[in-house]
Amino acid sequence: MKRYGPRTLLLELLMVAVAVAFLFPVYALITLSFKDPGQIAAHPLSLPSPPTLDNYSGAWSSASLGGALLSSTLITVVSLVLLIAIGSCAAYFLARTGTRLGYGLYILFLLGIVLPFQLGMIPLYNLFSRLDLIGSYQAIILFYTGIQLPFTVFLYTGFIRALPPEYAAAALVDGASHLQAYTRIVFPLLRPITGTVLILNAVFIWNDFFTPLLYLAGSDKETIPVRIFAFVGQYVSDYGLVFAGLVLGAIPILVVFLVLQRYVIKGFASGLKG
Amino acid sequence: MTRPSSVATAAPDTGPAPPPGRPIRRRRNRLSPPWLFVAPALLVYAAVVLYPAASGVLYAFTDWSGIGDWSFVGLRNFDSLLSDDRALGSLKNTLLLTVAIVVVQNGIGLLLALGVHARIKSRMVLRAIFFAPVVVSPVMVAFLWKYVYNPDPGAGLNGLLGAIGLGSLRQDWLGDPSLALWSIAAMVVWQHAGYSMVIFLAGLEGIGKDVQEAATIDGAGAFTRFRYVTWPLLAPSTTINVMLSTIGGLKLFDQVFAATGGGPGNATETLSTVLYKEAFVFGRYGYSTAVALVLALFVAAVSLVQIRYLRAREDKA
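Chains as they are written, first to last, in my numbering: chain L, 194 to 467; chain E, 13 to 329.
No lab work stands behind these hints: they were computed from the structure.
Take these hints with a grain of salt, some might be off.
[Unchecked claim] Calculated from the model, a selection of chain E residues having no Cβ within reach of chain L, i.e. all distances over 10 Å:
1. Leu124
2. Leu178
3. Gly179
4. Ala226
5. Asp230
6. Gly231
7. Thr236
8. Asn278
[Unchecked claim] Cross-link-like lysine-lysine pairs, in silico, DSSO-like; alpha carbons within 27 Å at most:
9. Lys459(L) / Lys263(E)
10. Lys221(E) / Lys104(E)
11. Lys221(E) / Lys133(E)
12. Lys263(E) / Lys104(E)
13. Lys459(L) / Lys133(E)
14. Lys221(E) / Lys459(L)
15. Lys263(E) / Lys289(E)
Even glycine gets a Cβ: it sits at the ideal position worked out from N, Cα and C.
Can you make the complete structure from the sequences, with help from the hints?
Set out below in structure tokens:
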């Protein structure tokens, strides 16, 4: 359309300058994580000279991030599988049933999007504690599956309503059961929205802080944000060590983001159209 | 003369009967999946969301301490809320924070979107940079900003201001009660401006180039083009952005909890931090759920009003 003129160059320079200012906290984060306490006190803003890796080895071992990484991965993956399995099935029913009751159920699910989880936070904690599930993977996975269902059902239902029902109908006429028609014909057609559901829920669950703090703090199943929280509390004044911990804690999700950038941005941008 | 022709045109309307609705509905019902499809989700949703939320509403009218017996106290919790300076202050803080975040985050997000939508060479890299903080845990972002807001004149933001000759602007960003709330808002905006950006960007990409070109040919300058063509067509993106940032602002917890814990004094308490403290520090569960109920009503009311108002604006556009 338009060619790259002097005004475009000016805009380019302006945007790069904005990005540089935007990245200042990240500059502080990375440079400090490579400095020893003496350098941090004397030259807080300069580049590390010489850079040290002590903070990283120290943070890795004293924050025991390896276990947290495993725990976060397990919780996120299992919750996502459950959410997608039961959420998409429920949405398929809600989108295809013509009944009044089905519509009422759909509205009931949508209610969950506006309810702040704090309203039921304490009763739910008590429920899990009566079942002796506090400190277990089951409780936190069940929590994420339930709390993210409304949003998941909302996204899937909107998508399925826009799909022609003929594909599944043909399979049913050919003698397939509803479950077969769903798993073989319908579910594969849901791939685009499954991608969105996956990305939005994965980022939320991976980064969520308060509930894992409540359910898992002090156990050997702490997730990365909870581990980092405890670690920062312990070494609060040692910025080099704390920042090395923050870098290590943020790396897994940032790597996934950079690899899947296009999909992640698309997922976030298209997630809430309704 | 005209009568026969009007009869002739009217005839086909009533002539071939429209297909009766019944058989279609029958066929649909046979296509409808069995209830078993929705049962697992309903079960989990009821156990994790509906039942606890309903109990929460119930406890809001009791004097429950979290353990042992409780009795109904009517509206007493809400009465004490109205005379509780900390709770009222937190309500005010929550609303101020939300307004600041909604306005600034979406304003900056829009400017960023317009910038990286242009044909600049670095646009893909810049999109990734501005969006990256969105995927990082808010707690970790808050810890990073706690250092940026370091009161030490040589470190963090103060050090930067000193280095570029703006040393007179140095502040105790999180320690000054009149400033701390806005510092938290800035931190939240830094993390989420990229989210607003990608939603506006999707909106911009949906506006046909021909529309923009037509306006240019008609002699519209860049600003007029934005005001009368781009901005109205971005209405759906604006709706989504305003809704998301409002709900996010009202529920804000992690960032405040990690950065200030509600302090200094009560300067940065939000509804979420107050209800957390009432429940887990002071053991006033009944009162805490009353605060949670107020928060829930706020979120629900604001969402409904915004959907109405913003949807109406979309229809006009």
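Status of the hints after comparison with the structure:
1. Leu124: violated, 8 Å
2. Leu178: holds, 13 Å
3. Gly179: holds, 13 Å
4. Ala226: holds, 13 Å
5. Asp230: Label holds. Min Cβ-Cβ 16 Å, cutoff 10 Å.
6. Gly231: holds, 16 Å
7. Thr236: holds, 17 Å
8. Asn278: The claim holds: Asn278(E) sits with its nearest Cβ about 19 Å from chain L, beyond 10 Å.
9. Lys459(L) / Lys263(E): holds, 25 Å
10. Lys221(E) / Lys104(E): violated, 44 Å
11. Lys221(E) / Lys133(E): Holds. Lys221(E) to Lys133(E) sits at ~19 Å (cutoff 27 Å).
12. Lys263(E) / Lys104(E): Holds. Lys263(E) to Lys104(E) sits at ~13 Å (cutoff 27 Å).
13. Lys459(L) / Lys133(E): holds, 20 Å
14. Lys221(E) / Lys459(L): holds, 20 Å
15. Lys263(E) / Lys289(E): holds, 15 Å
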